[in-house]
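Enquirer: Quick note, the sequence shown lines up with residues 2 to 413 if you use the working numbering.
Don't read these hints as lab results, they were simulated from the structure. Heads up, the beta-carbon is just placed ideally off N, CA and C, and yes, glycines get one too. Be aware that one or more of the hints could be misleading.
What the hints assert, rightly or not - Using 35 Å as the maximum straight-line C-alpha spacing, the simulated DSBU-like pairs for lysine-lysine come out as follows:
1) 3 - 14
2) 14 - 33
3) 3 - 33
Claimed, not checked - Derived CB-CB ranges, DEER-like:
4) 128 - 7: 43 to 51 Å
5) 134 - 44: 24 to 32 Å
6) 67 - 123: 33 to 41 Å
7) 309 - 129: 39 to 47 Å
8) 101 - 36: 38 to 46 Å
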Amino acid sequence: MKEVASRAGVSLKSVSRVVNGHPNTSAEVREKVERAIAELGWRPNTHARSLRTGRTGLIALSVPDLRTSSASHLAQALVSEAERQGLRVAIEPSHGRAERVRRTLDACGASFDAVVHVGALPAGIDPASLDPAHPVVLVRAAESLEQAWADAPPEAAADGPARDAADEPAGNAAGATGGSRTPRDGAAAASLDSVDTDSDASARAVHHHLRTVGRSRVVILGREAGAADGFTRALSRAFADAPVLRPSHTADRAAGRELAAQALAAAPASDALVCAEDELAIGALSLLHERGIAVPGRIAVTGHGNIDDGQFTTPTLTTIDLGLPSLARHVVEQVRARLDGDRSPARRIVLRARILRRESTLGLGGIGPTGAVGGAAGIDPDLGPGSGSGPSPAPDPAAAADRGPEEAPWLG
């Protein structure tokens with residue numbers, strides 16, 4: 002390191018910051034150090050560094066599985082951001098088994114410096130028993146934390162003002178890109194840091210959009226029972242009278258086909274399928290195409306997750322973009338702050354998502370909010386100012402008029 006510092010004309014501390022991927026290092030210093038490293042052929046001794054610092058530089062990503070595109074997209078976003086900040090990620094699939102999650106948590110401090118866990122912790126794992134020196138950050142655990150945070154006073158996020166309480170689901174505070182709360186005393190479920198997207202605001206945006214395009218007889222296609230599924234619950238709140246169908250297995254494309262067939266049989270008058278995963282929506286589109294059912298002429302379809310394939314389906318898929326790069330950045334920053342000694346109360350960060358309006362609800366001739374033909378991506382106003390690239394189109398007054406609760410006859 003001394004030779005690298007001398008060759009680059011910088012301090013030892015600067016070399017250390019570059020090697021460890023510290024985000025607050027100038028591009029000029031980073032370039033000098035990296036050039037000196039390349040010229041000298043130096044490689045950091047990670048084993049020696051681990052012995053000196055007591056850290057491995059490795060965080061575990063505990064996920065139920067990687068069988069769906071949404072799960073793999075989230076994992077990739079976290080891996081990319083961790084690498085950007087000088088950390089490595091080991092993916093630990095739990096397959097929904099508590100003992101596998103416990104084994105990953107027990108390895109904290111030995112194999113891993115920290116754990117990022119997707120979903121709520123399984124029953125029987127007490128957050129209070131975890132060592133704060135080896136942080137655990139929860140992702141997509143909103144439903145399990147909702148009540149624990151219900152009485153928490155909102156605080157403004159570092160990068161955006163707190164949202165108006167009137168527009169806030171219980172227990173959340175969010176700004177243009179994020180927000181945080183401090184948990185109430187004794188709330189064990191909220192004693193860990195968490196990062197999530199605002200499922201309620203996303204569900205309200207889907208509800209608003211479908212009302213605007215004149216759809217009111219909705220069937221919700223949710224995730225499998227037992228899965229972390231806060232968005233399906235949020236959809237049930239937004240579409241209070243809509244039936245919910247769930248697959249018996251993973252919420253993949255095959256499940257989407259099956260559920261779409263069930264929806265057509267159970268609710269033949271339905272005019273929209275609202276899906277908790279893009280995978281389900283793509284499967285539903287396949288079934289509808291096979292049966293010659295026009296989308297969106299006869300049935301509109303929406304997804305959740307904005308996986309790449311949704312841009313290439315026919316028609317293209319209206320969906321919720323979760324902003325995974327931003328979510329991953331907040332997760333890794335929380336991990337780094339705790340590893341650097343931050344012992345402040347746990348924070349819950351809730352990020353804004355956005356609805357991308359495409360052909361599966363607007364049609365091939367739809368006009369997106371940017372004025373482009375073909376259902377250009379855009380944002381519904383429910384998600385707040387500053388989240389879109391242009392103004393939303395004026396809704397059809399007849400379609401957007403207030404409607405009372407839907408009657409049940411259309412369910413057949």
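Enquirer: Can you tell me whether the CB distance of residue 134 to residue 44 sits inside 24 to 32 Å?
Expert: 28 Å, holds
Enquirer: Given a hint of 38 to 46 Å, does the C-beta separation of residue 101 and residue 36 actually sit inside it?
Expert: Since residue 101 and residue 36 have Cβ atoms about 44 Å apart, the given range 38 to 46 Å holds.
Enquirer: CA of residue 3 to CA of residue 14, is that 35 Å or under?
Expert: Roughly 10 Å separates the two Cα atoms, so the pair holds.
Enquirer: Does residue 33 sit within 35 Å of residue 3, going by the straight-line distance between their CA atoms?
Expert: 14 Å, holds
Enquirer: Within 39 to 47 Å: is that where the Cβ-Cβ distance between residue 309 and residue 129 falls?
Expert: Taking Cβ atoms as reference, residue 309 and residue 129 lie about 40 Å apart, which means the hint holds.
Enquirer: Keeping to a limit of 35 Å between CA atoms, is the pair of residue 14 and residue 33 held or broken?
Expert: The hint holds at about 14 Å.
Enquirer: Kindly confirm whether 43 to 51 Å is satisfied by the beta carbon distance between residue 128 and residue 7.
Expert: Distance hint for residue 128, residue 7 holds at roughly 47 Å.
Enquirer: Return holds or violated for the Cβ distance of residue 67 and residue 123 against the range 33 to 41 Å.
Expert: 18 Å, violated
Figure legend: structure checked against the earlier numbered hints; the only hint not met is number 6.
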